[in-house]
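Chain by chain, the residues run as shown.
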Amino acid sequence: GNSVTQMEGPVTLSEEAFLTINCTYTATGYPSLFWYVQYPGEGLQLLLKATKADDKGSNKGFEATYRKETTSFHLEKGSVQVSDSAVYFCALDSGNTGKLIFGQGTTLQVKP
Amino acid sequence: NAGVTQTPKFQVLKTGQSMTLQCAQDMNHNSMYWYRQDPGMGLRLIYYSASEGTTDKGEVPNGYNVSRLNKREFSLRLESAAPSQTSVYFCASSAGTTANTEAFFGQGTRLTVV
Numbered sequence: 004g005n006s007v008t009q010m011e012g013p014v015t016l017s018e019e020a021f022l023t024i025n026c027t028y029t030a031t032g033y034p035s036l037f038w039y040v041q042y043p044g045e046g047l048q049l050l051l052k053a054t055k056a057d058d059k060g061s062n063k064g065f066e067a068t069y070r071k072e073t074t075s076f077h078l079e080k081g082s083v084q085v086s087d088s089a090v091y092f093c094a095l096d097s098g099n100t101g102k103l104i105f106g107q108g109t110t111l112q113v114k115p
Numbered sequence: 013n014a015g016v017t018q019t020p021k022f023q024v025l026k027t028g029q030s031m032t033l034q035c036a037q038d039m040n041h042n043s044m045y046w047y048r049q050d051p052g053m054g055l056r057l058i059y060y061s062a063s064e065g066t067t068d069k070g071e072v073p074n075g076y077n078v079s080r081l082n083k084r085e086f087s088l089r090l091e092s093a094a095p096s097q098t099s100v101y102f103c104a105s106s107a108g109t110t111a112n113t114e115a116f117f118g119q120g121t122r123l124t125v126v
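For the record, the sequence lines run as chains A and B.
Per the numbering used here, the very first residue in the first sequence carries number 4; after that it's consecutive.
Per the numbering used here, the very first residue in the second sequence carries number 13; after that it's consecutive.
None of these hints come from the bench; they were simulated from the model.
One should not assume that every hint holds.
Once the Cα atoms are required to be at most 20 Å apart in a straight line, the calculated SDA-like pairs of lysine to any residue come out as [to be verified]:
hint, chain 1, residue 1, chain 2, residue 2
1, B, Lys69, A, Gly4
2, B, Lys21, A, Gly44
3, B, Lys21, A, Glu45
4, B, Lys69, A, Ser88
Note that the structure is a prediction, hence the values are computed from the model and not measured.
The task is simple: from the sequences and hints, build the whole structure.
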């Protein structure tokens with residue numbers, strides 16, 4: 004079946020450090036891929052998405068590239084801020100139905 | 013600017029009690045979803061409704077029922093709560109078209125069953 008695997012957290016970084024959160028997936032066909040972010044006490048918000056191979060999603064300095072050959076969608080940011088501290092979820096939608104399959108989430112803590 | 017609104021935000025139930033979680037969206041979305049979030053497991057789909065009048069099971073439907081009351085509202089009912097249903101519940105909605113499947117989430121309901 005379809006699944007998403009994210010790197011284990013928590014990830015602790017100093018401000019202005021480079022961030023990578025790994026995400027790999029298993030799916031039939033050509034799923035759409037998403038990164039959602041959950042700030043403390045809030046619901047999930049869409050951070051970025053990519054709908055086909057080699058697409059790059061980007062938002063707020065975050066980027067992720069849809070790599071079909073490695074079935075990956077790693078999240079990167081060149082310089083993190085304290086305000087980026089949150090839980091990040093990788094997700095896929097295999098049938099463009101809006102039904103999402105999530106990874107387990109990765110907690111990011113950025114220290115000043 | 014409400015988006016997806018869930019009530020209540022917090023609830024404590026005793027084993028065997030029943031309750032209904034309410035969800036409403038004001039974005040005229042066709043599709044609505046209920047997820048549960050458990051530590052180390054991400055979010056898992058309980059039920060969804062592709063359009064008004066239809067509902068279908070997701071990955072973890074046992075112990076739950078849903079009602080799509082109208083286009084705006086999608087409720088989740090626990091008939092006889094169990095400690096295993098202690099979780100954070102999120103409602104979400106999306107336009108439901110293949111061109112636009114972005115999901116918008118409510119702020120969640122933290123449910124504890126004792």
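Cross-check of the supplied hints:
no., hint, in the structure
1, B:Lys69 with A:Gly4, "holds, 16 Å"
2, B:Lys21 with A:Gly44, "holds, 10 Å"
3, B:Lys21 with A:Glu45, "holds, 11 Å"
4, B:Lys69 with A:Ser88, "violated, 34 Å"
Consistency with the previously given hints fails for number 4 only.
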